[in-house]
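Based on these hints, arrange chains B and C on the given structure of chain A.
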Amino acid sequence: MVYDILYFNKHHTSYTIHHTPYTTHHTPHTPYIIHQDFKTMADKLFYFLSFLALLSAMMVVTAKNPIHSVLYLILTFFCLSGHYVLLNAQFVAVVNIIVYAGAIMVLFLFVIMFLNLKQDDEEAKTNLTKIAATIVGGTLGVILVAVFRKAQLGTYNPYSFNSQVGMVENLGEVLYNDYLLPFELASVLFLIAMVGAVMLAKREVGDRHF
Amino acid sequence: MLEAGFIIKSLIILALFGLTLLIATYSTYAERKVAAFLQDRLGPNRAGPWGLLQPIADAGKMFFKEDFIPSQASKWLFIAGPCLSMLTALMATAVVPFGDSVKYTTGPNQILTVPVQPIDVNIGVLYIFGVVSLGVYGLMIGGWASNNKFSLLGAIRAASQNISYEIPMGLSMIAILMMTGSLSMGEIVSQQHGGNWNIFYQPLGFIIFITCAFAECNRTPFDLPECETELIGGYHTEYSSMKLGFYLFSEYINMFVSSAVISNLFFGGYNYPFMDSVHQFLTNNLGAIAGHNVATLIGTVVLFGKIFFFIFFFMWVRWTLPRFRYDQLMNLGWKGLIPLAMLNIVLTGGAILFLKPLITALLK
Amino acid sequence: MLSIILLSIFGIVVLFLGFQKSKNILLPATLLCIAIAFAANFVHWNDAPGLYFKEMLFENRLTMSFSAIVLLSAFLVVALTRGFADDEAAQPAEYYAIILFSLVGAIMMIGFDNLIMLFLGVEILSVSMYVLTGSDKRNLRSNEAALKYFLMGAFATGIMLFGIALLYGATGSFNLTDIRGYVGTNSFSISTLLYVGLLLVLIGMLFKVSAAPFHFWTPDVYDGAPTVFTAFMSTIVKTAGFAAIYRLLSGSFEGIYNFWWFTLAAITILTLVVGNITAVYQQSFKRMMAYSSISHAGYLLLSLTAMTAQTPDAIVFYSLAYSLATVSAFGVLMAVAREKSVQSHENAEDFEAFNGLGKRNPLLAFVLTVSMLSLAGIPLTAGFWGKFFIFGTIVERGNLIWMLIVAILMSAVGIYYYFKVIIATYMKDGETGALRVPPFYRIVLIVSTTLTLLFGLIPKLLS
Numbered sequence: 001m002v003y004d005i006l007y008f009n010k011h012h013t014s015y016t017i018h019h020t021p022y023t024t025h026h027t028p029h030t031p032y033i034i035h036q037d038f039k040t041m042a043d044k045l046f047y048f049l050s051f052l053a054l055l056s057a058m059m060v061v062t063a064k065n066p067i068h069s070v071l072y073l074i075l076t077f078f079c080l081s082g083h084y085v086l087l088n089a090q091f092v093a094v095v096n097i098i099v100y101a102g103a104i105m106v107l108f109l110f111v112i113m114f115l116n117l118k119q120d121d122e123e124a125k126t127n128l129t130k131i132a133a134t135i136v137g138g139t140l141g142v143i144l145v146a147v148f149r150k151a152q153l154g155t156y157n158p159y160s161f162n163s164q165v166g167m168v169e170n171l172g173e174v175l176y177n178d179y180l181l182p183f184e185l186a187s188v189l190f191l192i193a194m195v196g197a198v199m200l201a202k203r204e205v206g207d208r209h210f
Numbered sequence: 001m002l003e004a005g006f007i008i009k010s011l012i013i014l015a016l017f018g019l020t021l022l023i024a025t026y027s028t029y030a031e032r033k034v035a036a037f038l039q040d041r042l043g044p045n046r047a048g049p050w051g052l053l054q055p056i057a058d059a060g061k062m063f064f065k066e067d068f069i070p071s072q073a074s075k076w077l078f079i080a081g082p083c084l085s086m087l088t089a090l091m092a093t094a095v096v097p098f099g100d101s102v103k104y105t106t107g108p109n110q111i112l113t114v115p116v117q118p119i120d121v122n123i124g125v126l127y128i129f130g131v132v133s134l135g136v137y138g139l140m141i142g143g144w145a146s147n148n149k150f151s152l153l154g155a156i157r158a159a160s161q162n163i164s165y166e167i168p169m170g171l172s173m174i175a176i177l178m179m180t181g182s183l184s185m186g187e188i189v190s191q192q193h194g195g196n197w198n199i200f201y202q203p204l205g206f207i208i209f210i211t212c213a214f215a216e217c218n219r220t221p222f223d224l225p226e227c228e229t230e231l232i233g234g235y236h237t238e239y240s241s242m243k244l245g246f247y248l249f250s251e252y253i254n255m256f257v258s259s260a261v262i263s264n265l266f267f268g269g270y271n272y273p274f275m276d277s278v279h280q281f282l283t284n285n286l287g288a289i290a291g292h293n294v295a296t297l298i299g300t301v302v303l304f305g306k307i308f309f310f311i312f313f314f315m316w317v318r319w320t321l322p323r324f325r326y327d328q329l330m331n332l333g334w335k336g337l338i339p340l341a342m343l344n345i346v347l348t349g350g351a352i353l354f355l356k357p358l359i360t361a362l363l364k
Numbered sequence: 001m002l003s004i005i006l007l008s009i010f011g012i013v014v015l016f017l018g019f020q021k022s023k024n025i026l027l028p029a030t031l032l033c034i035a036i037a038f039a040a041n042f043v044h045w046n047d048a049p050g051l052y053f054k055e056m057l058f059e060n061r062l063t064m065s066f067s068a069i070v071l072l073s074a075f076l077v078v079a080l081t082r083g084f085a086d087d088e089a090a091q092p093a094e095y096y097a098i099i100l101f102s103l104v105g106a107i108m109m110i111g112f113d114n115l116i117m118l119f120l121g122v123e124i125l126s127v128s129m130y131v132l133t134g135s136d137k138r139n140l141r142s143n144e145a146a147l148k149y150f151l152m153g154a155f156a157t158g159i160m161l162f163g164i165a166l167l168y169g170a171t172g173s174f175n176l177t178d179i180r181g182y183v184g185t186n187s188f189s190i191s192t193l194l195y196v197g198l199l200l201v202l203i204g205m206l207f208k209v210s211a212a213p214f215h216f217w218t219p220d221v222y223d224g225a226p227t228v229f230t231a232f233m234s235t236i237v238k239t240a241g242f243a244a245i246y247r248l249l250s251g252s253f254e255g256i257y258n259f260w261w262f263t264l265a266a267i268t269i270l271t272l273v274v275g276n277i278t279a280v281y282q283q284s285f286k287r288m289m290a291y292s293s294i295s296h297a298g299y300l301l302l303s304l305t306a307m308t309a310q311t312p313d314a315i316v317f318y319s320l321a322y323s324l325a326t327v328s329a330f331g332v333l334m335a336v337a338r339e340k341s342v343q344s345h346e347n348a349e350d351f352e353a354f355n356g357l358g359k360r361n362p363l364l365a366f367v368l369t370v371s372m373l374s375l376a377g378i379p380l381t382a383g384f385w386g387k388f389f390i391f392g393t394i395v396e397r398g399n400l401i402w403m404l405i406v407a408i409l410m411s412a413v414g415i416y417y418y419f420k421v422i423i424a425t426y427m428k429d430g431e432t433g434a435l436r437v438p439p440f441y442r443i444v445l446i447v448s449t450t451l452t453l454l455f456g457l458i459p460k461l462l463s
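Chains as they are written, first to last, in this note's numbering: chain A, 1 to 210; chain B, 1 to 364; chain C, 1 to 463.
Just chain A, with the same shape it has in the complex (with noise of 0.2 Å):
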């Protein structure tokens, strides 16, 4: 979406309606360097969209009030969102919210709400605990900083790169024929997690009725 206005009033001239914008922006022959003006655009989307991200995700650990945690998750969720719409994956960003924050993080939500959990009583923790977490959380953070630095990260090549690979079309064809089969066992494991949802939750005779 920021993608189609950003585009807008820079290189088009025309516009007709059955075709969609984006099948005409990148044809091979148009290397990404011609967007330079988009580029450092999508560059300080990204820093905006990650600091926040990592903004709310921190607060979602630090917030006292677990209401206030599932909304800053949310929140991250749309700044997720966000980099994916900058990754030109229109269709795994709309899932994203559609899934985690239009029907899980409702949910949760819904449970913290039942559980009235308004009262911020902390769970009592051994100082020895909070020491080791603190070292180990410590370690793994060391560790990823030091290896993300010295990382050599995977380049794509502008001439061959389809930046189409994110439609919905393509993540299609791939997903159902190279990863039909994953594709239907997913569907194995939803049913394991509704059965046994439906089985650990019923009630029984003799249960308790609320």
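Incorrect hints may have been included.
[What the hints assert, rightly or not] Here are the simulated lysine-lysine pairs, DSSO-like style, with alpha carbons at most 30 Å apart:
no., chain 1, residue 1, chain 2, residue 2
1, B, K33, B, K149
2, C, K23, A, K202
3, C, K137, A, K202
4, B, K75, B, K65
5, C, K148, A, K125
6, A, K125, C, K137
7, A, K130, A, K64
8, B, K103, B, K306
9, C, K23, B, K335
10, C, K137, C, K21
11, C, K148, A, K130
12, A, K64, B, K149
13, B, K65, A, K202
14, C, K148, C, K359
15, C, K286, A, K202
16, B, K364, B, K306
17, A, K202, B, K356
18, C, K359, C, K286
19, B, K75, A, K64
20, C, K21, A, K202
21, A, K64, C, K148
22, A, K202, C, K148
23, B, K335, C, K21
24, C, K420, C, K359
25, C, K428, C, K286
26, A, K44, A, K150
27, C, K23, C, K137
28, B, K335, C, K137
29, B, K356, B, K306
Since the hints were made in silico from the structure, they are not lab data.
Relative to chain A, chains B and C alone:
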């Protein structure tokens, strides 16, 4: 610096935004008039001719009332609730096509064609679905932040109801997507050219979709989150002044958006029978560009006609049907609509696989 | 490969069989399903090894053997669930369906060629285990176990997923073959992400097989879960987990053996020491078996650390021996504890439950003895040859003899606590009166004991 296309697009977006608000405002008036008509009363008739200034008077009243925040409420979330509700309601129109396209001459032999649609992303349907699924946050946050049992109950009802009815809604959309093979709203509408509307292929999908639309808008017969006999005002019990106004207003905007989406997905959007001959006639008489633009205008008017019909339908149902009981609501959603929607998908898939080749073979 | 599809379908079929009034058909139907899957597993036995489903699944004789072990143990464990449907409120169809589905996950883990398949397989197996652990809904300990397992398992899966993401970041592929290619061609400029990614994936997997620093969930979960599912967990999850680790390490990362062997060696030693030493102090048989399962994970890791040409055979044999012995041990425990729990609910699963078993039911006592001997690795049982082959791989590697010494010492410790059970069975006096065992149990126990002895006498049978 600014291109003509950009200006036109901005104007279209602004016009649609204003129109959305205007229609939502006058929906409140229409609701009261329709209610009065159905109950054999007169309805508002004092403010202005036929009571036409009533919504403005209502808005003025809302603005000047005391803006009260309960002392034990979570202040920022209490304010955020109605704002979010309004925001998500207004966001959904961004991808809805309100007409074909406007043509504009920028220079010799240069004609700009701008679709009458704020943004045509190629995942428009999913975008609407995503925004709709976010709509519940305004209600939940407001209900929880009020620190009131009735508000909380209303919020919880709203959450479970919205989650439950999103599923059949999405599933009934999938049948449409299978037919059109595109997620873009513009594409879906343009495929229903003329009188080739989706409703003729998807009657079951339409019934499921409109039922879910009622539930997602929290309209009667599914208005349990604000069911006054049980929950006082539901999630907005503690709200007053324009915050309450936002909640009520967003309901009407949602109604408008749902009507627009239903018209576009199932009833051809701006398409109407014999539109080609009308287009032909206008371009012959008024010239290529002006004729096209007038034809687009007619299409838009037709679309709004459909939208107004569905808004009326929403009101008609509200003043005709009684409210469901909560367990009935859940049973209908999970045991009725979801299996039906899945059946619809299977039937659609079967029809695409077997019936379509058969018909094309027969037509040859 | 065929068995994955079959089991997925059978699971749904069994779910639908649950609509029937009579629950008696479910057990035979499930057993039949597993038997068919077992047969289908060998359809491609003589074909050349190959990749299937767009390089998602790999199949050769090794993966088929692992699948066969998993299916055989599943068959035996499911046969032990006789009497499961007696409880009126029980929903056996759902349990059986989940068991069948979990086997899909196990076989995916065994033959994955794409890290997505590994992740999905681990998740399918784990989620079914969480549910089965908590299936005794009225029992607080079962609930606690399920929740503990779920929370910790979810974290482990998250860590593993992070590792997979890093591996993808380093190599640009989820495919084991491609990753192997990356490791092989860029041996001097491997991205640092790959190392961390590998470690994180290994941590996730080692959690699932309960290796030492990640073993804290094991005793509580094994103790809290219904005994049938403890047997299921300690055989199938472990076999599949080790098959997956072997496949990951041998399939992609043999080129950087020098990087990971020391990590794995440290974990192995820790696992062996913690598992064996802690097992000595246990009073409950189930907890003892939990720690014993940790120690067996250590032996299996030993062979993985060596990573020689003999490693796959050693792991296959050891898994088989371990699974058979474990199934029969838990089978005996169930038979005894069931009797016991009728009289009193307390300490039904302690060592004392076996007191005087030699007189009450000689068959059960014999089965228990053979399984304990096999677990301890005494000659003439399959367990001996299992340990023999495992130690053989270490000797073949050459420079890891010090690990072998630790392992042998720890086996000696193991003999102590396994013999405690045998002593309780024959030497101590307990209740009198014959213990009746349902015929179904008897068949299962006899089959697994016979196999244990058979492989103990003729270990060549398997090759």
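Taking the hints in turn, this is what the structure says about them:
1. B:K33 with B:K149: violated (34 Å)
2. C:K23 with A:K202: holds (19 Å)
3. C:K137 with A:K202: Holds: C:K137 and A:K202 sit about 10 Å apart, inside 30 Å.
4. B:K75 with B:K65: Holds, at about 19 Å.
5. C:K148 with A:K125: Roughly 17 Å separates the two Cα atoms, so the pair holds.
6. A:K125 with C:K137: holds (29 Å)
7. A:K130 with A:K64: Satisfied, since the Cα-Cα distance of roughly 17 Å is no more than 30 Å.
8. B:K103 with B:K306: Answer holds: B:K103 to B:K306 is near 24 Å, not above 30 Å.
9. C:K23 with B:K335: This hinted pair holds, its Cα atoms lying about 25 Å apart.
10. C:K137 with C:K21: Holds, because 23 Å separates the two Cα atoms, which is no more than 30 Å.
11. C:K148 with A:K130: Holds, at roughly 20 Å.
12. A:K64 with B:K149: Satisfied, since the Cα-Cα distance of roughly 22 Å is no more than 30 Å.
13. B:K65 with A:K202: violated (48 Å)
14. C:K148 with C:K359: Distance ~39 Å between C:K148 and C:K359 Cα, so the pair is violated.
15. C:K286 with A:K202: It holds: about 29 Å lies between the C-alpha atoms, which stays within 30 Å.
16. B:K364 with B:K306: Judged against 30 Å, a Cα distance of about 35 Å means the pair is violated.
17. A:K202 with B:K356: violated (44 Å)
18. C:K359 with C:K286: Answer holds: C:K359 to C:K286 is near 22 Å, not above 30 Å.
19. B:K75 with A:K64: holds (16 Å)
20. C:K21 with A:K202: Between C:K21 and A:K202 the Cα gap is close to 19 Å, so the pair holds against 30 Å.
21. A:K64 with C:K148: holds (24 Å)
22. A:K202 with C:K148: Given that 30 Å is the threshold and the Cα spacing comes to 20 Å, the pair holds.
23. B:K335 with C:K21: holds (22 Å)
24. C:K420 with C:K359: holds (17 Å)
25. C:K428 with C:K286: holds (19 Å)
26. A:K44 with A:K150: Satisfied, since the Cα-Cα distance of roughly 24 Å is no more than 30 Å.
27. C:K23 with C:K137: Holds - the C-alpha atoms of C:K137 and C:K23 are around 20 Å apart, at most 30 Å.
28. B:K335 with C:K137: holds (26 Å)
29. B:K356 with B:K306: With Cα atoms ~29 Å apart, B:K356 and B:K306 stay inside 30 Å; holds.
Checked against the numbered hints listed earlier, the structure breaks hints 1, 13, 14, 16, 17; every other hint is satisfied.
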